Amino acid sequence: MKSSTQADLFNGVLETGMRALVILNAFRSIDLDRDELGLLDYFVVHTSQAGGPSDIHPTGPSSFSEYHIRRRRIDDGIQLLQRIRLIEVVADHERGIVFRAGDDAPAFVDLLRTTYNRELVKRSEWLREQCAENSSFLKGLRCLIERWSIEFQEREAPGASE
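Under this note's numbering, the first residue of the sequence shown carries the number 1, and numbering increases by one thereafter.
Honestly, the hints are just simulated from the structure, not real lab data.
Among the clues, some could well be false.
Using C-beta positions, here's what the derived DEER-type ranges look like [claimed, not checked]:
# : residue 1 : residue 2 : range
1 : L112      : Q82       : 17 to 27 Å
2 : R34       : S136      : 14 to 24 Å
3 : R28       : I97       : 14 to 24 Å
4 : A132      : V90       : 14 to 24 Å
5 : R28       : A91       : 10 to 20 Å
6 : I69       : C143      : 15 to 25 Å
7 : T59       : T115      : 14 to 24 Å
If you're wondering where the values come from, they're calculated on a predicted model, not measured in any experiment.
For each residue, glycine too, the CB sits at the ideal point set by N, CA and C.
Throw the hints in and build the complete structure from the sequences for me.
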């Protein structure tokens, strides 16, 4: 029960939606698809794993599983913020559905003054800078997640050595 409560602390619909908004605001000139947003949502709080600033959320042996938990909640968070026009959902002929910060997002994000939210903004901007400097940065993050998935599956497989 405790681990479920801890997972919900940072991964509820509102929290996930707010992180998505902060990320989309930092990436204002770039539309992000669901996979990219999910990837950035994980690494915005675990930036040290991407070679960046220290993590905002504690990192433990099961931190990787947070990525999969969050991905399921991103859609609900986006829908919540779309209703109040902070996030726009757009159809892209090549990429499918993509997301962008709404017109009021910059002003709203500027109102987020807690230390936690300011750190989210800084790390979102760091991620954006990395993407601007290295066109394969997101691909590298995706490779990290895929590698961790394989390692986790091997570790959890029946008969795996401990």
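Against the structure, the hints:
At roughly 18 Å, the beta-carbon separation of L112 and Q82 lies within the given 17 to 27 Å, and the hint holds. At about 20 Å, the CB distance of R34 to S136 agrees with the hint of 14 to 24 Å. Checked against the hint of 14 to 24 Å, the pair R28 and I97 passes, with Cβ atoms roughly 18 Å apart. With their beta carbons about 21 Å apart, A132 and V90 fall inside the hinted range of 14 to 24 Å.
In this structure the supplied range 10 to 20 Å holds for R28 paired with A91, their Cβ-Cβ distance being about 19 Å. Taking 15 to 25 Å as the suggested C-beta distance range, the pair I69 and C143 conforms, at roughly 20 Å. The hinted window of 14 to 24 Å between T59 and T115 holds, with their beta carbons roughly 19 Å apart.
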